[in-house]
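Colleague: Bring the two chains, given one by one in their own frames, into a single complex with the hints.
Going down the list, the protein sequences come from chains A and B. Numbering-wise (the numbering used here), the first sequence opens with residue 8 and increments by one. Numbering-wise (the numbering used here), the second sequence opens with residue 522 and increments by one.
To be clear, the hints were calculated from the coordinates, so they are not data collected in a lab. Bear in mind that the values here come from a model prediction, so they are computed numbers and not experimental data.
Beta-carbon label-pair distances, calculated as ranges: (1) B/E583 <-> A/G80: 46 to 54 Å; (2) A/A107 <-> B/M542: 23 to 31 Å; (3) A/P50 <-> B/R558: 17 to 25 Å; (4) A/I154 <-> B/G557: 35 to 43 Å.
In this text, a Cβ means the ideal position worked out from N, Cα and C, and glycines have one as well.
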Amino acid sequence: MFIAFCVLLIMTVTLMTIAYRRGDGSLVRGLKAGRGMLMGTIPLFLLAFPLAGLIQVAIPADLIRSWLGQEAGWNGIFIGSIAGTLIPGGPYVAFPIIAAIINTGASIGTAVAFITGWAMLTIMQMPYELTFIGIRFMTIRIISMLIVPPIAGIAAQWLFGGGF
Amino acid sequence: MRKTLIGMGIAVVMLCVITFMQGGWTLLGNGLFLGGRIFVTVIPLIIVAFTLAGMISILVSEEVVSRLLGKEAGLKGILLASVAGAVIPGGPFIFYPIAATLLVSGAEIGAAISFVAAKVLWTVSRLPVEVALLGPKITFIRYGVTFIFPILVGLAANALFSGHTVRIREEIRLLQRSDKA
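Pulled out of the complex, with its shape left as it was, chain B reads as follows (with noise of 0.2 Å):
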C-alpha cells in the first residue's frame, strides 16, 4: 500500500513537470482540471461499483466463487469469467474492484485475467459506440480476430503464473486494510 502510494505519487510529480515543461501552468492546470472532472463525473459510478464489490463478497460465498472461477475450474472458470467480463459495463474503476473482489474470494489468476481481457476486448456496451466511431468493417475485422484471446491469455496465466495467486490475494488484502471484517 505504501510503496504503491509513493510510486503514484512520484509519478504524478513527475508528469506535473512533464506537462509543465511542454505547455506552462495552462497546460498542467488543464491536466489536474481533466483529472478532477473526471473524479466528479465518477464518483456516482465508483459508489456503486463498491456498493455491488461489497454486496458480492458477502452473497457470493468464497466456496462458490473457488468452485466456479478457482483452480479446480480450469476452462470452465476461464469461460464463465469472460463472459462475466463481456456482459459487466463501465471503466477500469468498476472492473478492477470486482476482478480484486473475485481473487480474494478464491477466483485463479488465470479466470481474473479473462474477466480483464474479456471486459476490454469483448464487452458488449462498448459495440456500439465503436462502430459508430470507427465504421462497421473495421470492429467487426477487430471483434473477430481477438475474440479467442481472453480465452487463450487465461489459460496461459494459468499455467505460467498460478503460484502467484495467494500473493496476490495478500497484496489485495493489504490495499484494502479496512476489508478484514
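Looking at chain A on its own, in the form it has when it is part of the complex (with noise of 0.2 Å):
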C-alpha cells in the first residue's frame, strides 16, 4: 500500500510540474477538475465503503473452503471460478485465503481458476466501478471477462496438471 502511494505520488507530482511548466494555469485546471470528480461522487463513496466491508464479513472463508474442499477436474475449475469472485478484499487479504484452499488439496487448474476469479470478478471492486464508470461498463466488462476464470483453468490443467 504504502509504495503504490509513493508511485502514484511521483506520477502526480511529475504531472503537476508539467502543468506548472506550461504556465496556462493548467496547474488550477487540473486540480480543480480532479477536486470536481471527487466531490461529485462522495455520495457514492460513501456507501462503497460500508458495502465494501459488509461484504466481507458476510461471505466466511470456511464456508468457500468446505465448498471447493478436494474438488478437481471440471468441477473444479467451475467452483473455483465462481468461488474466487466471492473472495474479498485486496492480495494481502485475499491470498492466505486463497494458499489456504489450494493446501487443501486444490488441483492446479481449480488453483488458477480460482485466482483469476478472484483477480478478474471479485464481487469486492464492483462498488468502487459503480461509483466511478457506472453500471453499462460494468456490465460489459463482466459479460467480456466471464469465460476467462474457467478458460484460463482449463489450460493450466492441460498444459502443467497433466490433463484431466
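Modeller: The following block contains the structure:
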C-alpha cells in the first residue's frame, strides 16, 4: 500500500510539475478537475466503503473452503471460478485465504481458475466500479471477462496438471 | 447517479440484514468498522488518485487520447492500454477513476476494458506478494495462462460493444456532475 502510494505520488507530482511549467493555468485547472470528480462521487463513495466492509464479513472463508474441498477436474474449475469472485479483499487479505484453500488439495486447474476469478471478477471491486464508471461499463466488462477464469483453469490443468 | 445511489443503498441495507442474521450486532459492527477502516487508510490514496485523474484530464488532450486509445487506434490502443494497466499501482479506487478519465477523454471501450484486465491480471506491483504467499510455481503458471487475455477481452469488447462507448461517456459525466468545467 505504501509503495503504491509513493509511485502514484511521483506520477502525480511529475504531471503537476509539467502543468506548472506550461504556465497557462493548467495546474489549477487540473486540480479543480480532480476536486470536481471527487466531489461528484462522494455520496457514492460513502456507500461504497460500508458495502465493501460488509461483503467482507458476510461471506465466510470457511464456507468457500468447504465448497472447494477436494474438488478437482471440471467441477473444481467451475466451482473455483465462481468461488474466486466471492473472496474478499485486496491481495494481502485474499492470498492467504486462497493459499489455505489450495493447500486443502485443490488441483492446479482449480487453483488458477480460483485466483483468476478473484482477480478479474471479485464482487468486492464492484461498488467502486459502479461509483466511478457506472453500471453499463461494469455489465459489458463482466460479460467480456466471464469466460476467462474457467478457460485459464482448463489451460493450466491441461498444460501443467497432466490433463483431466 | 441517483439510480446507482439507490441501488447501492439497497445493497448496503440488504447486506446489513444478512450480516445481522449471521452474527448479530457484533458481525454487523465488524463489517461497518472494517469499511470505515478501509476508508480511513485509503484517504491519502484517493486524494492522490483524483489529483492524478484531474491532471491527466487537463494535460492529455482529447486529441491525443483519441489517437492513442480511440476507435482508430485499434490493436495498438489495446496494447498501449494494457501496458498502462500493468504498471499502474493501487486498488480499484485508483484505476477506475483513471479508466473513467480515459474513457471521457476519448478512449474506446476495448482500450478501457484492456486497461482494467491488464491491471488485474498483469499487475507488476502484485507479483512479489503473489509469489510470496502462493509460491512461484502457481504464480508463474497463473501469469502464463492468463497472459493473452487483457488483449483478447479488449478486442472482444471492441467487436461486440463498440456502440456503447458514447453512452458510457455520458454515464460517467452524470456520475461526476461537477466535471463539466
